[in-house]
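J.: Generate the whole structure from the sequences, applying the supplied hints.
From first to last, the protein sequence lines stand for chains F and L. This note's numbering numbers the first residue of the first sequence as 125 and each following residue consecutively. This note's numbering numbers the first residue of the second sequence as 8 and each following residue consecutively.
Fair warning: there could be bad hints in the mix.
Chain F side only, calculated, beta carbon under 8 Å to chain L, not exhaustive [as the list claims (entries may be wrong)]:
| # | residue |
| --- | --- |
| 1 | Cys-164 |
| 2 | Leu-202 |
| 3 | Thr-271 |
| 4 | Glu-283 |
| 5 | Asn-302 |
Cross-link-like lysine-lysine pairs, in silico, BS3-like; alpha carbons within 27 Å at most [claimed, not checked]:
| # | chain 1 | residue 1 | chain 2 | residue 2 |
| --- | --- | --- | --- | --- |
| 6 | L | Lys-491 | F | Lys-180 |
| 7 | L | Lys-616 | L | Lys-298 |
| 8 | L | Lys-509 | L | Lys-602 |
| 9 | F | Lys-210 | L | Lys-780 |
| 10 | L | Lys-373 | F | Lys-231 |
Don't read these hints as lab results, they were simulated from the structure. Note that the Cβ used here is the ideal one computed from N, Cα and C, for glycine as well.
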Amino acid sequence: MAGTSLAAMGFGEAEAAVAAHVRPMKLANTTETRNTCPYCSVACGVIIYAKGDVRKGERADIVHIEGDADHPTNLGTLCPKGAALKDFVHAPTRLQYPMVRRPGSDKFERVSWDAALDRIARLMKDDRDANFLASNQEGTAVNRWTTTGMLAASATTNETAWCTFKVAKALGIVGFDNQARV
Amino acid sequence: MTNAWTDIKNTDLVVVMGGNAAEAHPCGFKWVTEAKAHRGARLIVVDPRYTRTASVADFYAPIRQGSDIAFLMGVIRWCMENDKVQWEYTKAFTNAAYIVKEGFGYQDGLFTGYDPEKRDYDRTSWDYEIDEDGYAVTDPTLQHPRCVWNLLKQHVDVYTPEMVERICGTPKEKFLKVAQMIGECSSPTKTMTSMYALGWTQHSHGAQNIRGMAMLQLILGNIGVRGGGMNALRGHSNIQGLTDLGLMSHLLTGYLNMPTEKETDFETYMKSRQFKPLRPGQTSYWQNYRKFMVSFQKAMWGDAATAGNDWAYDYIPKLDVPSYDVLRMFELMNDGRVNGYICQGFNPVLAFPNRGKIVAGLSKLKFLVTMDPLETETARFWENHGEFNDVDTKSIQTEVIQLPTTCFAEEEGSLTNSGRWLQWHWAAGTPPGEAQHDTWIMAQIFLRMRELYRKEGGAFPDPILNLSWEYHDPTEPEPEELAKEINGRALRDLTDPNDPSKVLVPAGKQVVNFSQLRDDGSTMSGCWIYSGCFNEAGNNMARRDNHDPDETGAYLGWTFAWPLNRRTLYNRASCDTQGRPWDPSRKLLEWDGAKWTGYDVPDIAPNAKPEEVGPFIMNQEGVSRLFARGMMRDGPFPAHMEPFESPVPNVFNPKMRGNPVARIFQNDVAQFGTSEEFPYAATSYRLTEHFHYWTKHNRVNAALQPEFFVELSEELAAEKGITPGGWVRVWSKRGSVKAKAVVTKRIRPLHCDGRVVHVIGIPLHWGFVGAAKKGFGPNSLSPFVGEANIETPGYKAFLVNIEPSTAPAGVVA
Ligand code: SF4
Numbered sequence: 125m126a127g128t129s130l131a132a133m134g135f136g137e138a139e140a141a142v143a144a145h146v147r148p149m150k151l152a153n154t155t156e157t158r159n160t161c162p163y164c165s166v167a168c169g170v171i172i173y174a175k176g177d178v179r180k181g182e183r184a185d186i187v188h189i190e191g192d193a194d195h196p197t198n199l200g201t202l203c204p205k206g207a208a209l210k211d212f213v214h215a216p217t218r219l220q221y222p223m224v225r226r227p228g229s230d231k232f233e234r235v236s237w238d239a240a241l242d243r244i245a246r247l248m249k250d251d252r253d254a255n256f257l258a259s260n261q262e263g264t265a266v267n268r269w270t271t272t273g274m275l276a277a278s279a280t281t282n283e284t285a286w287c288t289f290k291v292a293k294a295l296g297i298v299g300f301d302n303q304a305r306v
Numbered sequence: 008m009t010n011a012w013t014d015i016k017n018t019d020l021v022v023v024m025g026g027n028a029a030e031a032h033p034c035g036f037k038w039v040t041e042a043k044a045h046r047g048a049r050l051i052v053v054d055p056r057y058t059r060t061a062s063v064a065d066f067y068a069p070i071r072q073g074s075d076i077a078f079l080m081g082v083i084r085w086c087m088e089n090d091k092v093q094w095e096y097t098k099a100f101t102n103a104a105y106i107v108k109e110g111f112g113y114q115d116g117l118f119t120g121y122d123p124e125k126r127d128y129d130r131t132s133w134d135y136e137i138d139e140d141g142y143a144v145t146d147p148t149l150q151h152p153r154c155v156w157n158l159l160k161q162h163v164d165v166y167t168p169e170m171v172e173r174i175c176g177t178p179k180e181k182f183l184k185v186a187q188m189i190g191e192c193s194s195p196t197k198t199m200t201s202m203y204a205l206g207w208t209q210h211s212h213g214a215q216n217i218r219g220m221a222m223l224q225l226i227l228g229n230i231g232v233r234g235g236g237m238n239a240l241r242g243h244s245n246i247q248g249l250t251d252l253g254l255m256s257h258l259l260t261g262y263l264n265m266p267t268e269k270e271t272d273f274e275t276y277m278k279s280r281q282f283k284p285l286r287p288g289q290t291s292y293w294q295n296y297r298k299f300m301v302s303f304q305k306a307m308w309g310d311a312a313t314a315g316n317d318w319a320y321d322y323i324p325k326l327d328v329p330s331y332d333v334l335r336m337f338e339l340m341n342d343g344r345v346n347g348y349i350c351q352g353f354n355p356v357l358a359f360p361n362r363g364k365i366v367a368g369l370s371k372l373k374f375l376v377t378m379d380p381l382e383t384e385t386a387r388f389w390e391n392h393g394e395f396n397d398v399d400t401k402s403i404q405t406e407v408i409q410l411p412t413t414c415f416a417e418e419e420g421s422l423t424n425s426g427r428w429l430q431w432h433w434a435a436g437t438p439p440g441e442a443q444h445d446t447w448i449m450a451q452i453f454l455r456m457r458e459l460y461r462k463e464g465g466a467f468p469d470p471i472l473n474l475s476w477e478y479h480d481p482t483e484p485e486p487e488e489l490a491k492e493i494n495g496r497a498l499r500d501l502t503d504p505n506d507p508s509k510v511l512v513p514a515g516k517q518v519v520n521f522s523q524l525r526d527d528g529s530t531m532s533g534c535w536i537y538s539g540c541f542n543e544a545g546n547n548m549a550r551r552d553n554h555d556p557d558e559t560g561a562y563l564g565w566t567f568a569w570p571l572n573r574r575t576l577y578n579r580a581s582c583d584t585q586g587r588p589w590d591p592s593r594k595l596l597e598w599d600g601a602k603w604t605g606y607d608v609p610d611i612a613p614n615a616k617p618e619e620v621g622p623f624i625m626n627q628e629g630v631s632r633l634f635a636r637g638m639m640r641d642g643p644f645p646a647h648m649e650p651f652e653s654p655v656p657n658v659f660n661p662k663m664r665g666n667p668v669a670r671i672f673q674n675d676v677a678q679f680g681t682s683e684e685f686p687y688a689a690t691s692y693r694l695t696e697h698f699h700y701w702t703k704h705n706r707v708n709a710a711l712q713p714e715f716f717v718e719l720s721e722e723l724a725a726e727k728g729i730t731p732g733g734w735v736r737v738w739s740k741r742g743s744v745k746a747k748a749v750v751t752k753r754i755r756p757l758h759c760d761g762r763v764v765h766v767i768g769i770p771l772h773w774g775f776v777g778a779a780k781k782g783f784g785p786n787s788l789s790p791f792v793g794e795a796n797i798e799t800p801g802y803k804a805f806l807v808n809i810e811p812s813t814a815p816a817g818v819v820a
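T.: Below, the structure is given as structure tokens:
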């Protein structure tokens, strides 16, 4: 409106010059995705804005995260943690590659996923085969593996948790807990 | 939480005790502000520190950490004495009228049946008198001297306001003011909500803290109603979900239990789980245990679980101890009896007590695998960081494999909030580098091990070879596939028991909810309490209808709440014995003469007659329990217990240390300090700008609260010559940390049993990796002892000493 009336008064060129200096909207052409804050269990709704759309198989770079005004719990508000989520996603200490630290070494070395996973499967199987307790002194089947334990993450999804549960309990791991213990 | 965050707006009184919601759950606390602004609700805070929540409270009362039971029993005593009881509710909906067996008693801080050698109770006397039909005997007039009500009256009698002051350090007038405010909520039209968190759980008597408040809420008639309830605010975003799904040593999914080795076969396991009603006509919903258990076994092992092999009962490991919880595992590690450990999104070097013992344990492992989106101190426990992690790297022979995972923004799935809402979220960004989903990693480990077992054979491969793994892409199960498995489906046509020609659910279709699960192997369901989350109607967790008819705060169309999309647990108790709402202005449900209707999914069979069926359908009694029978290891009523490290002796039994039945490992006894050596009462907490150790990696949060500090009173600072902002050393029998001193009026010395007790506050956040300054955590100091029932380590009450100090080496002061 203001621009239009200015133009009517003969300031058309000035308007164009101003427009040329205006930064394009940061969130223009971004993909919006509904998510929830991963920190505390208030579980505030957030909207994530990304350049690109992962669901179309594109590379997507997250450029902004804000509160979801439609979410009944937080109604768009976020606390100092939720408000800074973008810097968690892009933290310089985000891990990128599998690493191994060899016994006695003072550094991590990069390894391939295959090498890391084969090594883990080997270490676990060897330990399980050596120490699995099939039955107790009374001859009751107890089928437990106590010499390898696992801590599961209570910030993972229910679906991840179920997948993790299946593997851990099927292997016979009894030293299995998550942050709820703490 | 029994209720939802959005329900808190319906309350008249908020009691924050054992938590600090304004600080730790800020956007949820907003609903307290709503209740205050629009209903005129009031807020009480009881805490050793004048917290951020206290700063907006109507009334604040100080308390010594670890003494909450005495305070709560004192309030119950005051309510009984002053007739502040919701009588109809208490008589009809609690076990107040139940008669307890002869022989039950309590003396010198101990209940009957204590065995000091075993550090355990024989709990046989902690039960009801049972008649010849197998029902509990009751006296609805509450006259019987051994009815629960009279036993409770006797039990709390000692907790006078004077005794509360003596134990808790809460001045008598302040205690009385709190009791009066709480007592007003015994009116059927006034409601109080309890908001608590780790300030209650992280004690060796944590469960009894919570029971104390739950009992108070019951006699006030505040459970099951709008604006009421017991609301555990909980920590991590999916801590509720991982508990529900049983990722714990002693659990299976949906609060089914891991079997013990005494339960040698399926029938023996089921024998103690019949859950016969203890009163005529009661629901006792756990009677369906077998259906849920068989459906779970079918979800795990599919066709390999048959009636002929006890539903593959042998495949589940059998416990020889109550649990291989984290404390036991680190004890075993220190003993050289653990070789491998996997930490998925978990940082025990900062999260578990007595850090020295944790690092020593990890150093004895053969291998450690970490899975995390971020660097952790645990993955780098072998790295020397001077005073901040003074280890001998060369001597540590542990092989560490660190795997990069995606974070919330790069993955899809559901998280269960503290109000039990399963909320679906979607992936928005491309993961960095080669980071992978946890589901992919778990599948890879599983598939590679299964392949090795196929090729090489080995120890009992059956549960691995037969694990149900029917995914479209076995190397990466999709979130929707996993969610459907959790919900469950029919494996054969499910026919109507009354009309076998009618198919209710055709084979292969999702069950609508757990009411369709069966114990004959014809259904499968990963986690019965979640059943209904993803049925033939679709993914109910992804629903986004935020309408709220009549603004009750229920939001039934928003995502999915377990169980059955119910938003307020025990909501049948929001009505009187005739089925009429106690408070018509806060109606949740009502009985229309034929069925229950209202704003929420009824927590009772829809046609269960109000005069006949009790509201606490999960209990064999049909009512709630003021007396817990033998269900808790440390007593059927909460009784005052001191922390293991306490500045004062237990007034009821000076010889008793901590919780008399808490498990203690011999190695740790020598590491408990006394109040002579360590005179100050320490406690730990989180700051609003931080989330545990993750936000250390975030520049914004690291800058907002940049430096490790401890808080102490002006009085103690003066006594010790500590200057505000100066360096101090704080140490316990287990470790030592250096911090900046925050000298504050927010902490005041307490007067307990004739002594001055100084409190020292120790926030948690800092470590040695990430964007934040290096620092320490309270776990360098806290003791290695767990809660007696559940083994949650205590971080809220332990002893330390303090002195002025200098900066850690290499740190610019
Ligand atoms: S924004 Fe804050 S209050 Fe909301 S879920 Fe995240 S951490 Fe919790």
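J.: For each hint, tell me whether it holds in the structure or not.
T.: Verification of the supplied hints:
At its closest, the beta carbon of Cys-164 of chain F sits 6 Å from a beta carbon of chain L; the interface hint therefore holds under the 8 Å criterion. This hint holds: Leu-202 of chain F has a C-beta 7 Å from the nearest C-beta of chain L, less than the 8 Å allowed. With a cut of 8 Å, the hint placing Thr-271 of chain F at the interface with chain L holds, because the nearest CB-to-CB distance is about 5 Å. The beta carbon of Glu-283 of chain F is positioned within 8 Å of a beta carbon in chain L (closest approach about 4 Å), and the interface hint is therefore held.
About 4 Å separates the beta-carbon of Asn-302 of chain F from the nearest beta-carbon of chain L, less than 8 Å, and the hint is met. For the suggested pair Lys-491 of chain L and Lys-180 of chain F, the alpha carbons sit about 24 Å apart, so the restraint of at most 27 Å is met. Our distance criterion of 27 Å between C-alpha atoms is met by Lys-616 of chain L and Lys-298 of chain L, whose separation comes to about 25 Å. Straight-line distance between C-alpha atoms of Lys-509 of chain L and Lys-602 of chain L comes to about 25 Å, which keeps the hinted pair within the 27 Å bound.
Our distance criterion of 27 Å between C-alpha atoms is met by Lys-210 of chain F and Lys-780 of chain L, whose separation comes to about 20 Å. Pair hint Lys-373 of chain L plus Lys-231 of chain F holds up; C-alpha atoms about 17 Å apart against a cutoff of 27 Å.
Checked against the numbered hints listed earlier, the structure breaks none of them; every hint is satisfied.
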